[in-house]
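Trainee: The lines below spell out each chain.
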Amino acid sequence: MKKSRDQRSGIRGQLGVRGARAAIIVVAMGFVFLTPAAMSAQQAKPWEQIPIPKLHDFRPQQPKRIELKNGIVLFLQEDHELPFVSGSVLIPGGSRDEDKAKTGLVELYGEAWRTSGTAKLDGDALDDLLEAKAAHIETGGDVDSTAVSWDSLKGDADQVFSLAMDLLLHPKFNPEKLELAQQQAATAIVRRNDDEGEIAGREAAKLVYGANSPYTRQPELATIGAVTVDDLKAWHERTLGGKLIVSISGDFDPVAMEAKLRTAFEGLPPVKAAPARHDVFSGPKPGISFINKDDVNQSNVQIVGLGTDRRNPDVPTLAVMNEILGGGFASRLFQKVRTELGLAYAVGGGLNFAYDHPALFRVNVITKSASTVDATKAALGEIAGMTGSPFTQKELDRAKDNILNSFLFRYDTREKVLAESVRLEFYGYPANYLETYKAGLEKVTVADLDAAARKYIHPEKLAVLVVGNGPEIKPGLDELKLGPVQTVDITIPQPGGAEKK
Amino acid sequence: MQNRCLSRFWKSCLALTLIAAWTGAQAQDLKSFEQRITTKVLPNGLTLIVCERQDAPVFSYSTFIDAGDVNDPSGESGLAHMFEHLAFKGTTQIGTTDYAAEKVALAKVEAANDAYEAEYLKAVGRDPKKLEELKKAFKEAEAEAHKFVVPNQFTDVAERNGASGLNAETGLDNTMYFWSMPENRLELWAWMESGRLSDVVPREFYKERDVVVEERRMRTDSNPIGRLVEQFLATAYVAHNYGRSSIGWPSEVGQITATEAMEFHKKYYVGANIVVAVVGDVKASEAMPMLERYFSRVPAGPKPEEMTTIEPKQFAEKTVVIREQTQPFYLEGYHRPDYRDPDDAVYDAIGDIMSNGRVSRLYRSLVRDRQIAAEAQGFSPFPGDKYPGLFAFYAVPLPGHTPAEMRDAIHQEIDKLKSADVTDEELAMFKTRTRAGLLHGLADNQGLANNLAEYQTRYGDWRELFTQLEKVDKVTKADIRRVANRVFVASNRTSAEIDTEAPAAAAKKDGGAE
Chain P
1 MKKSRDQRSG
11 IRGQLGVRGA
21 RAAIIVVAMG
31 FVFLTPAAMS
41 AQQAKPWEQI
51 PIPKLHDFRP
61 QQPKRIELKN
71 GIVLFLQEDH
81 ELPFVSGSVL
91 IPGGSRDEDK
101 AKTGLVELYG
111 EAWRTSGTAK
121 LDGDALDDLL
131 EAKAAHIETG
141 GDVDSTAVSW
151 DSLKGDADQV
161 FSLAMDLLLH
171 PKFNPEKLEL
181 AQQQAATAIV
191 RRNDDEGEIA
201 GREAAKLVYG
211 ANSPYTRQPE
221 LATIGAVTVD
231 DLKAWHERTL
241 GGKLIVSISG
251 DFDPVAMEAK
261 LRTAFEGLPP
271 VKAAPARHDV
281 FSGPKPGISF
291 INKDDVNQSN
301 VQIVGLGTDR
311 RNPDVPTLAV
321 MNEILGGGFA
331 SRLFQKVRTE
341 LGLAYAVGGG
351 LNFAYDHPAL
361 FRVNVITKSA
371 STVDATKAAL
381 GEIAGMTGSP
391 FTQKELDRAK
401 DNILNSFLFR
411 YDTREKVLAE
421 SVRLEFYGYP
431 ANYLETYKAG
441 LEKVTVADLD
451 AAARKYIHPE
461 KLAVLVVGNG
471 PEIKPGLDEL
481 KLGPVQTVDI
491 TIPQPGGAEK
501 K
Chain U
1001 MQNRCLSRFW
1011 KSCLALTLIA
1021 AWTGAQAQDL
1031 KSFEQRITTK
1041 VLPNGLTLIV
1051 CERQDAPVFS
1061 YSTFIDAGDV
1071 NDPSGESGLA
1081 HMFEHLAFKG
1091 TTQIGTTDYA
1101 AEKVALAKVE
1111 AANDAYEAEY
1121 LKAVGRDPKK
1131 LEELKKAFKE
1141 AEAEAHKFVV
1151 PNQFTDVAER
1161 NGASGLNAET
1171 GLDNTMYFWS
1181 MPENRLELWA
1191 WMESGRLSDV
1201 VPREFYKERD
1211 VVVEERRMRT
1221 DSNPIGRLVE
1231 QFLATAYVAH
1241 NYGRSSIGWP
1251 SEVGQITATE
1261 AMEFHKKYYV
1271 GANIVVAVVG
1281 DVKASEAMPM
1291 LERYFSRVPA
1301 GPKPEEMTTI
1311 EPKQFAEKTV
1321 VIREQTQPFY
1331 LEGYHRPDYR
1341 DPDDAVYDAI
1351 GDIMSNGRVS
1361 RLYRSLVRDR
1371 QIAAEAQGFS
1381 PFPGDKYPGL
1391 FAFYAVPLPG
1401 HTPAEMRDAI
1411 HQEIDKLKSA
1421 DVTDEELAMF
1431 KTRTRAGLLH
1441 GLADNQGLAN
1451 NLAEYQTRYG
1461 DWRELFTQLE
1471 KVDKVTKADI
1481 RRVANRVFVA
1491 SNRTSAEIDT
1501 EAPAAAAKKD
1511 GGAE
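Chains as they are written, first to last, in our numbering: chain P, 1 to 501; chain U, 1001 to 1514.
In isolation and in its complexed conformation, chain P is listed as follows (with noise of 0.2 Å):
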């Protein structure tokens, strides 16, 4: 049978499928080039003839959002087009919330909890038993939650809502599973130097926020072997009386579901508040990091700084800021680095906001080594052209309307309505913030953006790090004048002294 693409991943993904461009994306200077001819022939382009009709009606299907007495809120989403039901509880508390001393827990936590399994079923059994039906209960860990989630076809959900509301409320956690979690996480880690993206990634990632930094500090060797089976259940505990938000998308009856949901959560104690977050966020140092990587012929150049995030009321600014910076095909960074100097295949970033902390600023470029300097220059030249060169009525209409004609794609699936309203309800934004947003996006002026650009864009006070094969970058890294270059560490410590590269 043919493998639909979706299931082609990891090695199998190799070589077998390439894009025409990277997951990141332009500058309009070629239009200074138009001649008188082209003008004329402007006017008339063959496209714009083309007639656009009004855009069907559309008012995408909200999930019904039930708050229970005890704080936990449940949201319902119906779909009847394919006989599946799947559902997920979200938990607050993740990664940035575990003792430092034990980094990788929640990483743990999340693979043991599953395998592990319940006092009734344990992990193995669970597996035998889904499988067969091919469904499935998952358990993860991310940086601020955790979350059970769980899918089968419709005859079997009753039984597999059971099985997964057992294994939320009565996890056994098996040392064998931990163990087994520990080398996993442990494989991951003696790897972490092996490919070049990941490493640029994430380093570039600590230079603004600071290795120590709960959202950025990495597991060692040490710090999962330190993590034990009471870690994991003292985890449990603590973070299952925070506010669950479970959801439930698929081909079920409402009113049934609604009363199972409310005959499984309704009697959980009263939800306690997750405490306040008190991190600092300083930014990087300015200047110039290497780190060296001798089997590349490319180097990986990440230039950083730190984000906002999205209760910023300067966000819709920022996002066509982005939009015209890195954002697309017709983006300055595209246009330049890409389609102008064929210096890069992947080119891109801008400004990142995340819901309940800073995210970070982040342009991104790939290229040869010898061509390290002159794509790391073109790529500052524009940021630094996000204040020197004015934008123009011209960016400006063509940002919006890439933003703004794909905006219904954030909607265009129930699943997708769901989704955001979940990660709404977690962060605590109001329920009709993307209207709100969009809003703020159409009303955006060339002048919004002036201003946005002198507030947030100091090219002065953005980190550069380089991952890439020393003795071929020439001309060198001191070529850019960002001070003397830092070289950047990697090495992986080895529980008891004993290093490995």
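Hints in this document: simulated from the structure, not taken from any laboratory. Note that beta-carbon positions come from the ideal geometry of N, C-alpha and C, so glycine has one too. Possibly wrong hints are sitting among the right ones.
As the list claims (entries may be wrong) - Listed next, with one range per pair, are the computed distances between beta-carbon atoms: (1) Glu1292(U) - Pro60(P): 31 to 37 Å; (2) Ala1137(U) - Gln486(P): 42 to 48 Å; (3) Glu1292(U) - Gln159(P): 45 to 51 Å; (4) Asp279(P) - Glu1292(U): 55 to 61 Å; (5) Gln159(P) - Lys1477(U): 37 to 43 Å.
Since the structure of chain P is provided, determine the placement of chain U on it from the hints.
Mentor: Positioned in the frame of chain P, the structure of chain U alone reads:
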């Protein structure tokens, strides 16, 4: 147009019965997929498929070209992919300020490149000074042509009109172009897509070639697994193009010319070689005449002839060892037949039982019980399915464990498959999971468009997406044992591994100096 659907209706009824027996009340919904799909073959041979799904005012499309890098002419590896990049550069109508003048300038670029290459490739008597002059002349011709370019206008128009997930993929077997858009842009899309299929211009070709070479550095040269896989396939195949670097050997992809890319387009981008599938908020009765008008612009041309090369039977076991300072890895592969083989579903069964999830044999043996690997899987076909590919196995060793241990443990599991039947539960699980997987795949407009176009190309009928379940149902325990015994033999095997070299040894190799 719809007659084509009806004549094959019995076949889909059979498929729908099978699914109905299993999911009960849901059959109506599945049947509705059949009722919502309209197919039409245009006079130029191009096949259009429209699947109506009015959930949201959007559509996704997939253009599937039955040509990929396996079709690259000798000495031009990477050409199909290079052309794919060209397909984003616009047409005679989009991306240019004055096509008539641009055409003349592009001809000069090509002549300048030919002159440079002729000098560059001289085996004897290459004149460095002349080469430098020719390079300069080429750059000047390129700059002259660039004056007529509106950079990235094709993609710009798409993005300004709400294109989402705009991309393309070139595989060994085929090339796919795809995006999603608001439904009121269907005609605009049809104009754009039919334009780039029929009216492409070799604009900014040589700069884009640099971009592709950069892509090669990222995916292959600077990635340990990328390097290993390239060597693995080059070793496993002696005759067939599956053994050739698909992104292209550096010397070849670095010297592809615009003329070569346009010849590739002329030969392979013909109606009979193209299927276009649209899924979403589209009414076939209204859209089809409009789509027909635009896509009739694609040149007719005969279906390109199939290649004659068949990989000869392997008779010697082969091994590749890469020694470097990256973590160990093990990969092996066995030649298997193409996707049309009667046993195709049997290979899927083996892949599922060996690899799918925590119940799989390789996970339970290598990861859970013996605790020597972080991950272990077997899958097929690789690197393609149109021609005989490989059944591949790989394992990622835990710290302290070696590729040799991975190999031995994988072979033990293969031997079990050869000497004893799989269990009833394993076989039933494969069949159940395959059906559920098919259904899950129907949920997404883009995924469905890709599948409809691919199945229409490979089987001449998109309904095979459903009817393949019949073949899955027929797989027996004896089939699995028979196929395992025939295919998984040492003389049919190629293996590749990364052995980690200590830093000190590496330094010594380089002469010890920093």
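Trainee: Each of the hints needs a verdict: does it hold here or not?
Mentor: Hints and how they fare:
1. Glu1292(U) - Pro60(P): 31 to 37 Å: holds, 32 Å
2. Ala1137(U) - Gln486(P): 42 to 48 Å: holds, 44 Å
3. Glu1292(U) - Gln159(P): 45 to 51 Å: holds, 50 Å
4. Asp279(P) - Glu1292(U): 55 to 61 Å: holds, 59 Å
5. Gln159(P) - Lys1477(U): 37 to 43 Å: The hinted range 37 to 43 Å is violated for Gln159(P) and Lys1477(U), with Cβ atoms some 28 Å apart.
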